[in-house]
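Peer 1: Keeping their order, the protein sequence lines are chains A and B.
Okay, so the first sequence: first residue is 1 according to the numbering used here, each after it adds one.
Okay, so the second sequence: first residue is 1 according to the numbering used here, each after it adds one.
Read the hints as simulated data drawn from the structure, not as lab findings.
Remember, predicted model here, so these are calculated numbers, not experimental data.
Please note: incorrect hints may appear among the correct ones.
Pairs of lysine-lysine, PhoX-like flavour, derived with a Cα cap of 25 angstroms [claimed, not checked]:
1) 43/A <-> 8/A
2) 235/B <-> 141/B
3) 26/A <-> 8/A
4) 28/A <-> 64/B
5) 64/B <-> 43/A
6) 171/B <-> 241/B
7) 171/B <-> 235/B
8) 120/B <-> 142/B
9) 23/B <-> 28/A
As a plain string of letters, each chain reads:
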Amino acid sequence: MTITVNGKPMEVEAGLSVEGLLTLLKVKREYTAVAVNRDIVRKAEYDAVKLSEGDKVEIVRPMGGGAI
Amino acid sequence: MYDTNLVLGGKEFTSRLIVGTGKYASMEVMREAHEAAGAEIITVAVRRVSLPSGESILDYIDTKRYTLLPNTAGCYTADEAIRTCYLAREAGLGELVKLEVIGDQRTLFPDVEGLLEATKTLAREGFTVMPYTNDDPVMAKKLQDAGAACVMPLGAPIGSGLGIRNPYNIKIILETVTVPVIVDAGVGTASDAAIAMELGCDGVLMNTAIAGAQDAVSMARAMKLAVEAGRLAYKSGRIGKKLYATASSPLEGLPDWTS
Numbered sequence: 001m002t003i004t005v006n007g008k009p010m011e012v013e014a015g016l017s018v019e020g021l022l023t024l025l026k027v028k029r030e031y032t033a034v035a036v037n038r039d040i041v042r043k044a045e046y047d048a049v050k051l052s053e054g055d056k057v058e059i060v061r062p063m064g065g066g067a068i
Numbered sequence: 001m002y003d004t005n006l007v008l009g010g011k012e013f014t015s016r017l018i019v020g021t022g023k024y025a026s027m028e029v030m031r032e033a034h035e036a037a038g039a040e041i042i043t044v045a046v047r048r049v050s051l052p053s054g055e056s057i058l059d060y061i062d063t064k065r066y067t068l069l070p071n072t073a074g075c076y077t078a079d080e081a082i083r084t085c086y087l088a089r090e091a092g093l094g095e096l097v098k099l100e101v102i103g104d105q106r107t108l109f110p111d112v113e114g115l116l117e118a119t120k121t122l123a124r125e126g127f128t129v130m131p132y133t134n135d136d137p138v139m140a141k142k143l144q145d146a147g148a149a150c151v152m153p154l155g156a157p158i159g160s161g162l163g164i165r166n167p168y169n170i171k172i173i174l175e176t177v178t179v180p181v182i183v184d185a186g187v188g189t190a191s192d193a194a195i196a197m198e199l200g201c202d203g204v205l206m207n208t209a210i211a212g213a214q215d216a217v218s219m220a221r222a223m224k225l226a227v228e229a230g231r232l233a234y235k236s237g238r239i240g241k242k243l244y245a246t247a248s249s250p251l252e253g254l255p256d257w258t259s
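Work out the full structure, taking the sequences as your base and the hints as a guide.
Peer 2: See below:
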């Protein structure tokens, strides 16, 4: 299935969990947060939340910035 | 002289200078500048990770020593800003947030309607909200009533370095609200920071003035001293302004040179 991760299309196996995606992408977990289709996914739910075709995933963390 | 601490969300801070993490020449320079500024609170943006995820800005910020202040820079609606704060909280960045809802790309002036809405929601959800706002006393009062932990009026547009353009409004804001007032944006050099503090502001937040200076580390130190000097001058009670001179030396006991 195709999902969008941080704005880029990505082909992944059906039923992949958020946990599976983060592992696949080798994302550092510290100070990282995930949203799927605008909803924030709690860390405790990473395993339980399965991704579906067309899902939009945002993976964020702190970056340099003052104001804007 | 005895001074109180800056209190935000029940947490006390000795330093009244809050600094950013953007636009530095390198991460090493940023780390040194934070040190030189004597800052205790450091603001960070929340952005998409670059994949594969490599170096993080937090490799250069000791999170045991500094309090992180995630900001919602780049958000143009209350909804975006609120979701960004939730993301920041879920990322483990805490509940202290610098709330920005931008209304115009060219001036980066705040959209105060969206700001007020987001402040209400986030304060209700348990966040310690620090809203970036206009130098408008009426809006400052509304933000306080909405549950803001402080108000952060701009001195001038973000990154402009124009200084405190309307000190009288800042003064009125200080008389209008009881929450801390922190000037956020517009500071260009040390005297601007000192002016904000001399007016009675509780703190100053800046990024570009330090990060963009030719020597960011020494400018950070200059800002530290300016904030301290301004605060001390404010607490000391300055003399009134008069049009004409007043002699400092007694007139009595002057020798007579008349012949």
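Peer 1: Taking the earlier hints as the rules, which of them does this structure contradict?
Peer 2: The structure breaks none of the hints.
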